[in-house]
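J.: Each chain, letter by letter, is given below.
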Amino acid sequence: MNKDLEKLFFNPVRLKIISFLISVQRSNFKNLSEISGATKGNLSIQLKKLSEAGYIKIIKSFEKNYPKTICSITNKGKKSFELFFKVLQSYNK
Amino acid sequence: MESKDQINIINEAINKAKEEDLKPLGFNFVFWGIFIIVMCLVHLFFTDFIQQTKFSAVIFWIVLPLLGMVYTTKYNIKNRIKRGYETHIGRVIKIIWIVFVFSWILVIIPLSIINNQNPVPDIILLLAVTVTTNGLILKSKSVGAGGVILFLVFYSIEFYPLVNILVYSIIAQIFGLLVPGLVLYFSKNE
Numbered sequence: 001m002n003k004d005l006e007k008l009f010f011n012p013v014r015l016k017i018i019s020f021l022i023s024v025q026r027s028n029f030k031n032l033s034e035i036s037g038a039t040k041g042n043l044s045i046q047l048k049k050l051s052e053a054g055y056i057k058i059i060k061s062f063e064k065n066y067p068k069t070i071c072s073i074t075n076k077g078k079k080s081f082e083l084f085f086k087v088l089q090s091y092n093k
Numbered sequence: 094m095e096s097k098d099q100i101n102i103i104n105e106a107i108n109k110a111k112e113e114d115l116k117p118l119g120f121n122f123v124f125w126g127i128f129i130i131v132m133c134l135v136h137l138f139f140t141d142f143i144q145q146t147k148f149s150a151v152i153f154w155i156v157l158p159l160l161g162m163v164y165t166t167k168y169n170i171k172n173r174i175k176r177g178y179e180t181h182i183g184r185v186i187k188i189i190w191i192v193f194v195f196s197w198i199l200v201i202i203p204l205s206i207i208n209n210q211n212p213v214p215d216i217i218l219l220l221a222v223t224v225t226t227n228g229l230i231l232k233s234k235s236v237g238a239g240g241v242i243l244f245l246v247f248y249s250i251e252f253y254p255l256v257n258i259l260v261y262s263i264i265a266q267i268f269g270l271l272v273p274g275l276v277l278y279f280s281k282n283e
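Quick note, the sequences are listed as chains A and B, same order. Going by our numbering, the letters in the first sequence line up with residues 1 to 93, in that order. Going by our numbering, the letters in the second sequence line up with residues 94 to 283, in that order.
Hints may be right or wrong, so weigh each one.
Said to hold, decoys possible - Here are the simulated SDA-like pairs of lysine to any residue, each with C-alpha atoms no more than 25 Å apart in a straight line:
no.: 1; chain 1: B; residue 1: 97; chain 2: A; residue 2: 70
no.: 2; chain 1: B; residue 1: 234; chain 2: B; residue 2: 279
no.: 3; chain 1: A; residue 1: 30; chain 2: B; residue 2: 108
no.: 4; chain 1: B; residue 1: 116; chain 2: A; residue 2: 23
no.: 5; chain 1: B; residue 1: 281; chain 2: B; residue 2: 97
Worth flagging that the hints you see were computed from the coordinates, not collected in a lab.
Same shape as in the complex, but just chain A:
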């Protein structure tokens, strides 16, 4: 398996985020925080890392003067996750 990929998904917060995003169309920041159990600061860092790797897309906007962050998985993210999952399964066989 690609070492960068392995390194990126080795972090449980990032793994939770990508696993959740692959099963939904999109999710907001608050929900991802609940799913991953990470603090806002930590979540921001992990999202940035996933976004920089091109695995997720982050859309930031304002709603009633409050910042709104929506995340969704990219095609690259889906393919990488599938590859990662296949390798994981092969380890357990």
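With chain A held as given, fit chain B onto it using these hints.
T.: Frame of chain A, contents of chain B only:
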């Protein structure tokens, strides 16, 4: 972290998104069922008032549903924000209903405004297709059955137009929207 732990993390995260909350969709079905039934009853009992001019019935049947659409759209957006995420099925259902609204506009304008024709049978057919598709996607027997009943009502109007078309419409709303909506609303998401 071991590979088994990683698989457990993946399973937990996926399971959190697995359930499609059917309550909001159920609410939409119930709302439209009651809304159209009330409109039909008003039209039935105050026919002279509703049909006092050439376009009064058209205005009645366009303006009020549009207000209903504004209300349900706001409700759905609010609900999605509250939930925090949108599922793939949720998005598909949303797109299907958007297509229904555009088709409704495309049917109602040429038929009732330009051609002065009753658009009820065509709208019931459109609704039958939409509700049946919803039932198949959600794998919901009650919604699917509602769609089938709507098809039957459409054929009854076309081939046995014995009763007032508004009565047919009330039957269509009760069995096509209201009952499936109540089932969805009170169903447990397993």
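J.: For each hint, tell me whether it holds in the structure or not.
T.: Results for each hint:
no.	hint	in the structure
1	B/97 <-> A/70	violated, 30 Å
2	B/234 <-> B/279	holds, 14 Å
3	A/30 <-> B/108	holds, 18 Å
4	B/116 <-> A/23	holds, 20 Å
5	B/281 <-> B/97	violated, 31 Å
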